[in-house]
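Based on the provided sequences and hints, a complete structural model is requested.
The residues making up each chain are set out below.
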Amino acid sequence: MIRLTIDGQEITVPEGTMIVDAAAKLGVDVPIYCYHQALGPLGACRMCLVEVEKMPKLATACTTAVSEGMVVRSKGPAVDKGRRGVLEFLLINHPLDCPVCDKGGECYLQDYTFEYGPGGGRFQEPKIQKVKDGPINEFVLVDQERCVLCQRCVRFMGEYVGEGQLLLEGRGVETVVTTVDQVPATSQFTGNVIDLCPVGALLSAPYHHKGRPWNIEREESVCPHCPVGCTSKVTAREGHVIRMEGRPIPDREWGWLCDRGRFGYDFGYHPERLLASRVQGNETSAALATRQVGEWLKTTVEQHGGSSVGVIVGGMHTTEEAYQLKRFATEVIGTEKLAISRSEAGYLPRALNGTFEDIKKADTVLLLGTDPYDAVPVVHLKLRERLLRYPALKVIGIGPTALTRDTLPGQDVITAPEQSAVVMALAMATQRPDDAQVKTLIHDLGSFRPQGVLPEMLTQLGAQLLRADHLVCLWDGLEPAMGMVLAVLADLREKPTPMLPTFGPGNWRGWERGGFSAHFEDLTRILEEARDGVIKTLLVFGADLLEEYPDRSLVQAAFERLDHVVVEGLRPPVDSTQVDALLPGAGWAEVYGTYINMEARLQVAMASVQPPGQARPVKTYLNTWAHILGRPLNWEEDWDPFDDDSGDLLPIETRHVEIEPLTTPPTTDAGMTLVIGSLIWEKGEPSEILLPRVPEFPGRINPQEAEELGLGTEPGRISVSQGDTHLVVGVSLDSRIPVGVLWIPQGVLGVNRLGKGPVQLSLAKEEVTA
Amino acid sequence: MTQHYLLRNLDVEGIDRIDVYEANGGYAAMKEAFKTFKPEELVAMVKKSGLRGRGGAGFPTGMKWGFLPNDGRSRYLVVNSDEAEPGTFKDRELIEENPHQLIEGIIISSYATQASEAYIYCRGEFRRGAEQLKRAVQEAYDHGYLGANILGTGFSLELKVYRGAGAYICGEESALLESLEGKRGNPRLKPPFPAVAGLYGGPTVVNNVETICNLPPLVTYGADWYTSMGTEKSPGLKIMSVSGRVQRPGNYEIPLGTPLRSLIEDYAGGLLPGRTVKAVIPGGSSVPLLMPDQLDTPLDYESIVKAGSMLGSGGCIVLDDQVCMVGATARLVKFYREESCGKCTPCREGTYWMTDVLDRLEMGMGEAHDMEILADVADNIAGKCFCPLGDASLGVLVSALKHFRHEFEAHVAEHTCPMGARLYDTVNH
Chain A
1 MIRLTIDGQE ITVPEGTMIV DAAAKLGVDV PIYCYHQALG PLGACRMCLV EVEKMPKLAT
61 ACTTAVSEGM VVRSKGPAVD KGRRGVLEFL LINHPLDCPV CDKGGECYLQ DYTFEYGPGG
121 GRFQEPKIQK VKDGPINEFV LVDQERCVLC QRCVRFMGEY VGEGQLLLEG RGVETVVTTV
181 DQVPATSQFT GNVIDLCPVG ALLSAPYHHK GRPWNIEREE SVCPHCPVGC TSKVTAREGH
241 VIRMEGRPIP DREWGWLCDR GRFGYDFGYH PERLLASRVQ GNETSAALAT RQVGEWLKTT
301 VEQHGGSSVG VIVGGMHTTE EAYQLKRFAT EVIGTEKLAI SRSEAGYLPR ALNGTFEDIK
361 KADTVLLLGT DPYDAVPVVH LKLRERLLRY PALKVIGIGP TALTRDTLPG QDVITAPEQS
421 AVVMALAMAT QRPDDAQVKT LIHDLGSFRP QGVLPEMLTQ LGAQLLRADH LVCLWDGLEP
481 AMGMVLAVLA DLREKPTPML PTFGPGNWRG WERGGFSAHF EDLTRILEEA RDGVIKTLLV
541 FGADLLEEYP DRSLVQAAFE RLDHVVVEGL RPPVDSTQVD ALLPGAGWAE VYGTYINMEA
601 RLQVAMASVQ PPGQARPVKT YLNTWAHILG RPLNWEEDWD PFDDDSGDLL PIETRHVEIE
661 PLTTPPTTDA GMTLVIGSLI WEKGEPSEIL LPRVPEFPGR INPQEAEELG LGTEPGRISV
721 SQGDTHLVVG VSLDSRIPVG VLWIPQGVLG VNRLGKGPVQ LSLAKEEVTA
Chain B
1 MTQHYLLRNL DVEGIDRIDV YEANGGYAAM KEAFKTFKPE ELVAMVKKSG LRGRGGAGFP
61 TGMKWGFLPN DGRSRYLVVN SDEAEPGTFK DRELIEENPH QLIEGIIISS YATQASEAYI
121 YCRGEFRRGA EQLKRAVQEA YDHGYLGANI LGTGFSLELK VYRGAGAYIC GEESALLESL
181 EGKRGNPRLK PPFPAVAGLY GGPTVVNNVE TICNLPPLVT YGADWYTSMG TEKSPGLKIM
241 SVSGRVQRPG NYEIPLGTPL RSLIEDYAGG LLPGRTVKAV IPGGSSVPLL MPDQLDTPLD
301 YESIVKAGSM LGSGGCIVLD DQVCMVGATA RLVKFYREES CGKCTPCREG TYWMTDVLDR
361 LEMGMGEAHD MEILADVADN IAGKCFCPLG DASLGVLVSA LKHFRHEFEA HVAEHTCPMG
421 ARLYDTVNH
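Heads up: the sequence lines are chains A and B, in that order.
Our numbering applies: residue 1 is where the first sequence begins, and numbers increase by one.
Our numbering applies: residue 1 is where the second sequence begins, and numbers increase by one.
If you are wondering where the hints come from, they were derived from the structure by calculation, not from laboratory data.
Glycine included, C-beta positions come from ideal geometry on N, C-alpha and C.
Among these hints, one or two may not hold up.
[As the list claims (entries may be wrong)] Selected chain B positions facing chain A (in silico; Cβ < 10 Å):
| no. | residue |
| --- | --- |
| 1 | E32 |
| 2 | A167 |
| 3 | T345 |
| 4 | R348 |
| 5 | D359 |
[Said to hold, decoys possible] Straight-line distance between alpha carbons at most 27 Å, and here's what the computed DSSO-like set of lysine-lysine pairs gives:
| no. | chain 1 | residue 1 | chain 2 | residue 2 |
| --- | --- | --- | --- | --- |
| 6 | A | K54 | B | K306 |
| 7 | B | K48 | A | K25 |
| 8 | B | K233 | B | K47 |
| 9 | B | K47 | B | K402 |
| 10 | B | K160 | A | K57 |
| 11 | A | K81 | B | K233 |
| 12 | B | K190 | B | K38 |
| 13 | A | K495 | A | K394 |
[As the list claims (entries may be wrong)] If you want the ones that stay clear, here's a sample from chain A, every Cβ over 12 Å from chain B, calculated:
| no. | residue |
| --- | --- |
| 14 | A24 |
| 15 | N93 |
| 16 | F114 |
| 17 | E138 |
| 18 | G172 |
| 19 | K298 |
| 20 | L393 |
| 21 | Q437 |
| 22 | P455 |
| 23 | G515 |
| 24 | V609 |
| 25 | P612 |
| 26 | T673 |
What follows is the structure in structure tokens.
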């Protein structure tokens, strides 16, 4: 530790700390543009000049590390003149168009000029003219005249994200920030440069000229689109959500968002948004529709008992809403048939769940079927940061496609589809063949050898799994048996084995906390009972079961058999022919509530705006129905999902994972196998802002396969057939996909019409669209 | 006049060919170095000789080599041939006319520092120089002086010539390394210094062409010979590039400590008849002016600093009584405005501002307070930039404002250049 004095106050900080950070700890404001803790020192803007005793010149606080006994002065005539000079320089070529600048009112150039700058300008020469409102891509605009060339954006994209799509062009006073070859930036993280930009040079295109700090309201929120649950801020103006920003949390989150989350905030205003109630396809008033559903529930309960009603939750509902639904179901209806809409069959017990703090300590990262860049993008950034701080980080991908990538290099163990759990178990058996749990796992496998994985690879993998000091596992939840394997792995290892489930829906842990079952089998059981006529009325809150459940035919059969299918949500299901009543729901940013992310961390999202049209909160519906059923609910007793002892993390429960022998996977014949993946652009609610970036060709195949299909080297549409089922899907070429595999992300419409097993591919005819 | 060493043999026909170079004693020093010296003995010899970096900063070369950490990582030698300082043209002559001398120096230096890879970073505009070097490097490879196991010594060296893209800032060693790595030529944060984390993060020595060319004669004649010339703290020989209003401009190799007057009159033939010295820029465009009463200043690092200027890269520009100091200053500051990399604010914006004000002043459109603005802008640049380029832009300006303020005032008062300089060629270049 180093002791130093800043403005007469003494402070002790770790060695290597920069003066600027030490000053911040004392509450001494040192103005900065180029410095950012996540990016490290650069020393470009020269704004942070301070006086250090025994140094002949002013020093930049962001590049000068503290030393023992150092005496720093952040004020005084020399410092004032230095800062005034730098600000005057920054302003000579600045357009001073603050009155029409989105950043006006929250701009560091304005703030520092006000605080440290000259009162007037002496510059009377012509200003350099540059591009204004030029595109970085569909979401980000660049005003090169306002740019102070702090390079935060360029360094973020190049060094931090690892996708160097922004660069400085030209030199000297003609230097500008632009994209490589003027091609729009395609990274998933471009929007962060808007938050990073200290001035009005990088602007949000959808927010452009929409609001300024004094006529907007900002509320703290949580991004609802995926299980990462990035901390964010929602900007609203006149009851309309018009922007989303990252929300840094000291020592935990930098406030990064992916573009899908940052710009996908307009789903509440999508043309498909459900604004009026519909009963049997006809629009009706909210009161009539609610009463009608209440009557159905009453009749069902009276005639068949409470357990003839099932409740399924999905979408973006909060933890509190799930709890309200659970109370309604158990206390008013009298049913325990509660399940979460799931697309993946896997489940991870809370006890095995790690946090993002574990990534900051990891020496080995295991990607089980999941490519964080595609599935949970901001986790990819967290891994990138770990890689930058700890270049020896080992990344191992295990799954039917390659999962590492240029920005997160490592080693890929490519297994046959559905064989990852077996590969993991066999790898563990190479190290601990005598462990009882391992023996149970591999008991039925006999002499089975996984396809394409050599014995020495298993040994090497097993050694890495057991020897890593801090192993973090990310799991896509597609192979349910992996849950058992991971439980055994955690038992075998003496050192920490935190796991992060990357599967959705975003708030599944929250609904589980509220009293719903997150186990896939329970969802399946409800659907089977509906198909078999045991369940008569199904309440679906927020989910589009036909599209989300992996086996579409089961949902179809259940819906056909059910007396009443009631669906509440932000938008109608894609196919609502079997839906008896559609009830418009209030959603994210319209209700206050708690979301629980993949770390099992509870985070509160505030309500910013009123729900539009007839859309109303869950509680409103429940109250009406409870009255009709004659058992009004008493909400006075407030329920808090937070636990007193575990703070903002869910309490850790003891885990019981039954270890059963893994079944021998069927040997797949040569041919094409469908692998379902996860892509953030295909998840969540539709957004008009995102439209230009939603991939036209979301599927992926190996270039060699494309060649044989006659696609050539360009992305194109192919027809996927399985028996009588045909699906046309756009595919792009990706050498990370092995030959013989067609990768399609969840959420591509109709993909759950296809089951497991082989598929046939052919070139789609031109006029056919998906 | 003393004997030339680095500039010797330039009149020998075909000295740029390896056979002619060898016939004139070339590569003997290299063989001598391999045969007689251990690497650490060579480092000790360079330390003892007191050889100082000839690129401008004058940092002791042996000390620089001594900073290399002994941690087993492979080392790089990078030769800075990005000579772009206005008034300096010594390295250009060395590489264009006698490239093998540099290559021999590189081999000796690499052997001394145990570098296994060496690069010559050649200024983008030095097309002929780069061609000469590439051809000469190939000849050296063909003769077994480069590559694996040179002359059976077990020492291996790969040498590559890399052409810059025409940026003065890449003469700054860390910007040079960035550029050499294929990145934008912006200076790096120091520490770490190149000796610890240089090219591709490896330990790296960056030396100027002239510095490296000193190695063959140093090996041949020894450190004592070197210290017998020059002054105590600035031993040895220095090539001075003389330009401006002299009769015989060119490169002259002088023992350090030679008076400036002797360089101008004895070596460069003096001024044109009837002219008098108005001011001299002794060490390239980045250094303050010396006035006529300082012509007896000895040309060594310490004496020039005492006189208020710097020896720098040895580019001596002589200005006579017919030169408009406002115009000359405007021209030089404009160079820095064009060459500022844009990384840090004071240099990027300050050089732009000063250039515009100077242009206006030169054209007679200046105002009385412009000199105060120039002085204050200069003060806001001084000592506040990321790298030395910003300060370099002030050398001539600040001393011109001090010594020739009357010329600036005359431009304002008369609304034109009193020297009758052509005005139109200063606009919008």
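Inset, instruction - State the violated hints by number, sorted upward, taking the hints as numbered earlier in the document. - result: Hint check: 1, 7, 9, 10, 11, 12, 15 and 18 fail, others pass.
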